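Sequences listed follow chains U and A, in order. The numbers in the first sequence follow this note's numbering, run straight up by one, and end at 1148. The numbers in the second sequence follow this note's numbering, run straight up by one, and end at 1148.
No lab work stands behind these hints: they were computed from the structure. Where hints are given, some of them may not hold.
Because identical chains share one entry, a pair is satisfied inside a single copy or across any pair of copies.
[Claimed, not checked] Okay, derived cross-link-like pairs now, EDC-like style, lysine to aspartate or glutamate, Cα gap no bigger than 20 Å in a straight line:
(1) Lys847 x Glu941
(2) Lys811 x Asp876
(3) Lys570 x Asp590
(4) Lys647 x Glu658
All values reported here derive from a predicted model rather than from experimental measurement.
2 protein chains.
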Amino acid sequence: MAATHELIYPIAQWSVTEDQLNVPLVPGDETVFALANGYMGIRGTFEEQSVGYAPGSFINGYYETEPIVYGESAYGFAPNRQRMVALADATLMELSVNGFPLDLTTGTIHEYSRMLRMKTGVLDRHLRWESPDGTIVEIEARRLVSFRRQHVMAIHWVCTVVNQPSQIRITSVVRSRPRARVGADDPRLGAALSREALMLGKRDADARVATIRYKTRNSGFDVITAVANVIETEVDYHRILVCSQQEVGHGFDLSLGPGQRVEVTKYVANYTSLDYPRKRLTGLARQEVEAARRARFSGLSAEQSNYLGAFWSRSDVIVEGDDSLQQSIRFNIFHLLQAAGRNGRTSVAAKGLTGAGYEGHYFWDTEIYVMPFFTYTNPGIARALLEYRYRTLNRARERARVLRHRGALYPWRTINGDEASAYFPAGTAQYHINADIIYAMRKYVVATGDRWFLLKRGAEMLFETARFWVDLGCFIDGKGFCINEVTGPDEYTALVNNNTFTNLMASDHLSYAVEVFDEMRHHDRAMLDPLIDRIGLEESEVDEWRRAAEETYVPFDEGRGLHPQDDSFFDREVWDFENTPPDHYPLLLHYHPLTIYRHQVLKQPDLVLALFLQGDRFSLSEKRRDFAYYDPITTGDSSLSPCIQSIVAAEIGETELAYRYFMQTARMDLDDINGNVKDGVHTAAMAGTWLSMVYGFAGMRDYHGALSFQPILPREWTRLQFRILWRGTLLEITLGPEETTYRLPNGGQVDLTHNGDPVSLSGTGGVDRPNPADDQVRTG
Amino acid sequence: MAATHELIYPIAQWSVTEDQLNVPLVPGDETVFALANGYMGIRGTFEEQSVGYAPGSFINGYYETEPIVYGESAYGFAPNRQRMVALADATLMELSVNGFPLDLTTGTIHEYSRMLRMKTGVLDRHLRWESPDGTIVEIEARRLVSFRRQHVMAIHWVCTVVNQPSQIRITSVVRSRPRARVGADDPRLGAALSREALMLGKRDADARVATIRYKTRNSGFDVITAVANVIETEVDYHRILVCSQQEVGHGFDLSLGPGQRVEVTKYVANYTSLDYPRKRLTGLARQEVEAARRARFSGLSAEQSNYLGAFWSRSDVIVEGDDSLQQSIRFNIFHLLQAAGRNGRTSVAAKGLTGAGYEGHYFWDTEIYVMPFFTYTNPGIARALLEYRYRTLNRARERARVLRHRGALYPWRTINGDEASAYFPAGTAQYHINADIIYAMRKYVVATGDRWFLLKRGAEMLFETARFWVDLGCFIDGKGFCINEVTGPDEYTALVNNNTFTNLMASDHLSYAVEVFDEMRHHDRAMLDPLIDRIGLEESEVDEWRRAAEETYVPFDEGRGLHPQDDSFFDREVWDFENTPPDHYPLLLHYHPLTIYRHQVLKQPDLVLALFLQGDRFSLSEKRRDFAYYDPITTGDSSLSPCIQSIVAAEIGETELAYRYFMQTARMDLDDINGNVKDGVHTAAMAGTWLSMVYGFAGMRDYHGALSFQPILPREWTRLQFRILWRGTLLEITLGPEETTYRLPNGGQVDLTHNGDPVSLSGTGGVDRPNPADDQVRTG
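Working from the sequences, and respecting the hints, build out all of it.
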């Protein structure tokens, strides 16, 4: 499957490069070359923007609201949309040469290249262009969005005149009101807002700093963008202040002879009223821009390198035997780092900060796909993502109240914590979101030992969401605790009873609630009592949780020896794959939901995801049978599919299949496998790359808090190496074709099992263990 | 239950009267006193409209379209809304007396009354009003919407000055652009259009006739309203032509002394481009208004009486022992006559032509609730309603094609034949609409013997819709022919497998298709062959229909001895009625659909409706058990409920319960039981009154084409008498407390069974038979 995709970018270990302008690729390039720091992001547009698809600068969690219009509304439908809005564009650096604007569609391009440098976190650009009057100029531009200074981005831009004296004008501005492009026909993008979201406020410019202010029309969030432009050149220049209705910034007029150059460094800072009082925004933005200017571009750049050096030392994954794969693994990890909010009031949007697809919403993708990477490599970020959920707990309580349920129900898709799904069968009905969040939190607590978070924040989320399950479900004679009228992860089946995935996740959730409650009762009474008071928890509720957890109904079809996806799954006809033309995929764009729901056909793994997340609830032979049944009827119409298919295929010994699915997830965006990278990266699939390597090929699990591995190296590779933090200790795992080496690079002590056998590590020396043979795994 | 509602209007046999102005009742009065003729309707507004709720003149099938906005759209969602739009208001006759406008909120009302006369089809009004300057005037107004002349309405209006000389100005106009009022929060009303639907066209006025023309903005239908005003008075008057942006018509200035009077007759005709070429509309409307003027009001009124005389002679139902009930029965029947389209391109809107609730859409209400009344009393109208479905067959084919199904799928709600439901779980998923239409057609063919319709129109509809079922369903091992992912009549359960009602109706539908095909093959080859060619029908398809019909899966729970409403119905928890506060009904306004769907709770009968419509598929003891289970969990949140509950209760011998449900349906609008009569009458519930009397108390059935009765008279009454047409012969049935009399008023020959015993009628003499005792029925 991977072989069917041609490489778009040349192979390189630590960079993504393009060395010619290919106009059809420009939209996708804007995503691939996007820079972000979890707080803000800019798409990989050209500074002069003569060619472009959807320029966009985004701030994580900065959104506009609007009432959702329903064709036919009903009680409890989510009332308001939220949409991440593109801010004023601060990447613009326009150049005119003897009156000719630098434009990639006119004149002649002699040299062209861009390079995303993942080790240093900068985007470099080189251009040698001849204007229609024969003037040749050379542009070198470098930009960064600072990981150390979340409000800051900077561009260092150099223009050299090559062949003849030239009148040069540079205009470096922030321009208001770019409109995010949205696809009219693709429901995955979300509709445009009905009105321009941003209302322009005060604009101001002096020789040092220019500022522009706006506000979102309905949500009422102020944002201020401050920009400073520093020029260095050997010739005289004339500085122009730009402060119009649409833009602010600085311009420079000068004359350059052959070989002469001008250097402009642009420092930009964004501040919003989501973080600070309105009155302080201008002051803060000016200060930040001044501070960046003092640091100079070289200083910012050095900080960026340091930050990334530390990041990669924990987070890099090395694959030997496939350089193009190595590149995309790093690309994916780099983009995860760029996407993840880390201030406790933001999360990870489905497209990160690289595009406004899915309206910039956060989904379960964060907890089930993205969080494990951070939990095991950058736990501070994982914790910030959990903080975000804690911060929106009151909104989840309110949502449960509106739906006349007890406890708290987290939204299926959201920015601010309110439900924003306008189609409840694949929105609110995906109640499993509650369990997904708790699952991720439990993993975090187990892997980091951060008990303080659990006691201070997690327990409250845990108990309130546990309450919700017990209120939602019911005890049915002969079955046990049932949860009816839900939608599981697979959105090609909706509104069913006893979705096996949901039931297992809820059961696990409830057990954990009981376990934490019991532990707190014995060891943390001082934390528990005020919590009980605050949320009015009765001990009888905990008994209900226990009973529901123990008696949760898990559908199983004895005749088939299979777990049905839900109560009625096997009553449905299998989709007629044979007579479905290839151009009718993804099915959701070609068939009515009723037709899809009526059949056995999956958008993405559902029961198979349970085989992974709740793996200790299934025997290996059950996993084999279930996987063999479900995998062929899974379309993979969701980008969330292949990584999960890969992990379970690896576990049951289908290594080749695991490898094929892995390659789909690993190169999804660099190869634009789904054809929509232009609208943003597939953050969950990027994280899925890491999941597939760590949980799939290395076979890592942590059932009951015990770390275990069952490694298999695909025969296409000679080595796979990665590191994880296990309760504060750095553990390096190196899979070779025959054996696996476990090592603690910084020393410490870790116990684990390898293929079921205990391994005790201490000090910095490595321990080798032979990999299980394929058939060994198959009988495991 | 009926006892809890106070009578709003005094009891009268053939009229509905009010004798004082009660402002809170004005909105409902506009509905109750609405006049219509199946083609057009006017709400019961005051001519001077100083007090009013939602003035509206409607033309059946005249609608505006607009794209449906979905919060989250998907493939195959209905693209466009349709909404019946209120036309220019032609009921206005404004009066000013010495400069004071006649206004019911100022001055003094000395006398006031309105009377809807159901025998003659006119609305009378009397008013004696004193203006702020002490002038007393008396107004007598009578209006009608002509049954004989579908384009014509007329108002005869007389003003007499009582006490002092007065300057009088009368303004009789057609005023453009009334806005239909819609409720913001009630999903049953439908949302307003986003823009004014009607675009004003040419306006014109001469001394004889004034005309105003508009067009719907998107659907592009022209309508022209022509108005003539004829004045008669003994004094001189000055005629004013009104032709402004907003209105056209005539005004009259005159001086009247005490005892002097002026009479104005207003003739109005509406023509639309739905019926005639655009160019001809003005000419036709002018001609029609001139013809009405020649007939004079008295002539129109005489025609109206004649028409209604003939109607009532076939259609009246007499109940002795409850005068208020007698009144409401006639009121309901009268409104049915007013509601039903009869030109073959229109049907019966949920609110008739009395209001824009439910956007003026046609639902299954027409076929399952309304049509039996017409089939058995006015078969020409029944046939026109079927013609409407035939006329929209191509749109049903196109809908099936879009959904990638074979055959034809009729829309759940529509005006023009395109699906207009914006919520597919309670829209498109109600596939039973196809079977409902065929069911009504079969009844029509059986009762009338109109084989020509069957061969020429019906067979094509029948075969195309049969095709759809076979394509929709599938054969599941161990079950048979299953139909998954559907919604039955009960909208409190959605998207289930094997809804028993739907399966039985589909099976019946398919059997009928096979039967008609076989019959045609033997007897009507000349009709069948071209049809086969036209629709490309293969004989193998008919075999499939046969097999599906025979092997249709009918869910039955052996343990409970009950038919589940669907495969998973008994897996659900029963709704907690005990803890549901009374103000939380209707549930749909207080609970999320997911909560409702998750429980055993019914909006309206579903399986119980099958007990009635497919009664020969159930034993009496099954009916008893099923009814006993489902009736207590039916909320009756739909106005379609009580009539069906009444019929089945009557059949199983629960006569008292049947009576109580009957009283809810019979007086629903006159007593405003649901509190929303202001938005229009409940046409289906009105028809349900007839169903309950005929199918319920008289126990009429026509299984396999044989007419049978099983009468029981509620002990509150002394007599129930009605007439039906059975294959062209008028049959009168009179239920007394002890016996039932069958009679053929016009002679002829009819065979029927009474309580299982054959009765042969011929000539005009009556035959008496003793009613079965209650316990006899119970063991039947």
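What are the numbers of the hints the structure violates, in ascending order? Going through the list in order, the structure violates no hint and respects every one.
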